[in-house]
Amino acid sequence: MTKTLILILGISLLSIGCTSGPELVTGYVRPPIEDYRTVRVLGRLPQGAETIAAVKASSDSGFSRQRNLDHTINELKKKAARLGANAIVITQRDSPSQMGTAQTSGGGLVVTNNERERLKAIAIWID
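Residue numbers for the sequence shown follow our numbering, so the first one is 518 and each next one is one higher.
Hint data in this document are derived by calculation from the structure and do not stem from the laboratory. Glycine is no exception: its CB is placed at the ideal position from the N, C-alpha and C atoms. A hint or two may mislead.
Stated by the list, open to error - Here are the simulated distance ranges between beta carbons:
id, residue 1, residue 2, range
1, I607, P548, 20 to 28 Å
2, E567, G625, 50 to 58 Å
3, V546, T608, 16 to 24 Å
4, S581, V546, 31 to 39 Å
5, G625, T543, 46 to 54 Å
6, Y545, D587, 27 to 35 Å
7, L562, D611, 14 to 22 Å
8, G623, R547, 50 to 58 Å
As the list claims (entries may be wrong) - Below, in silico cross-link-like pairs of lysine to aspartate or glutamate (EDC-like), each with a Cα-Cα straight-line distance of 20 Å or less:
id, residue 1, residue 2
9, K637, E592
10, K573, E592
11, K595, D552
12, K573, D611
13, K637, D611
14, K637, D577
Please build the complete structure, drawing on both the sequences and the hints.
Right under this line is the structure:
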């Protein structure tokens, strides 16, 4: 019994430590939306929208800038869906790029470009 309790407690603590990042809840959190892909991305805050939270996400997958942007938007949509938001409004975009070098297995050098995408958004509910 004690081992089972310790195991359950350990798994619970691990799952808490694996949250995906900070959200600043500013409104009423609704029941989660099952399919994050239904969360819409809007260019401006519509009249009558209920603000739920401020969310942010980033990606530096090393792929193309567009792929980083797509991944970051999907992360924002997932966070918003968990909070019950059916739309997000992107409020800030930062796309720093860093050049560097990496050594190949043959001893040569390759120039690398580490592009990162950072987005901040407002998670909202609209009727």
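Here is how each hint holds up against the structure:
1. I607 <-> P548: 20 to 28 Å: The hint (20 to 28 Å, Cβ to Cβ) holds, given that I607 and P548 are roughly 24 Å apart.
2. E567 <-> G625: 50 to 58 Å: holds (56 Å)
3. V546 <-> T608: 16 to 24 Å: holds (19 Å)
4. S581 <-> V546: 31 to 39 Å: Given about 34 Å between the Cβ atoms, the range holds.
5. G625 <-> T543: 46 to 54 Å: Roughly 51 Å apart at Cβ, these two residues keep to the hinted range, so it holds.
6. Y545 <-> D587: 27 to 35 Å: With Cβ atoms ~29 Å apart, the hint holds.
7. L562 <-> D611: 14 to 22 Å: Hint holds: Cβ distance 20 Å, inside 14 to 22 Å.
8. G623 <-> R547: 50 to 58 Å: Given about 55 Å between the Cβ atoms, the range holds.
9. K637 <-> E592: holds (11 Å)
10. K573 <-> E592: Given that 20 Å is the threshold and the Cα spacing comes to 8 Å, the pair holds.
11. K595 <-> D552: At roughly 8 Å apart (the allowed maximum being 20 Å), D552 and K595 satisfy the hint.
12. K573 <-> D611: Roughly 11 Å between the alpha carbons, so the hint for K573 and D611 holds.
13. K637 <-> D611: holds (9 Å)
14. K637 <-> D577: holds (15 Å)
Consistency note: the structure conflicts with none of the earlier hints.
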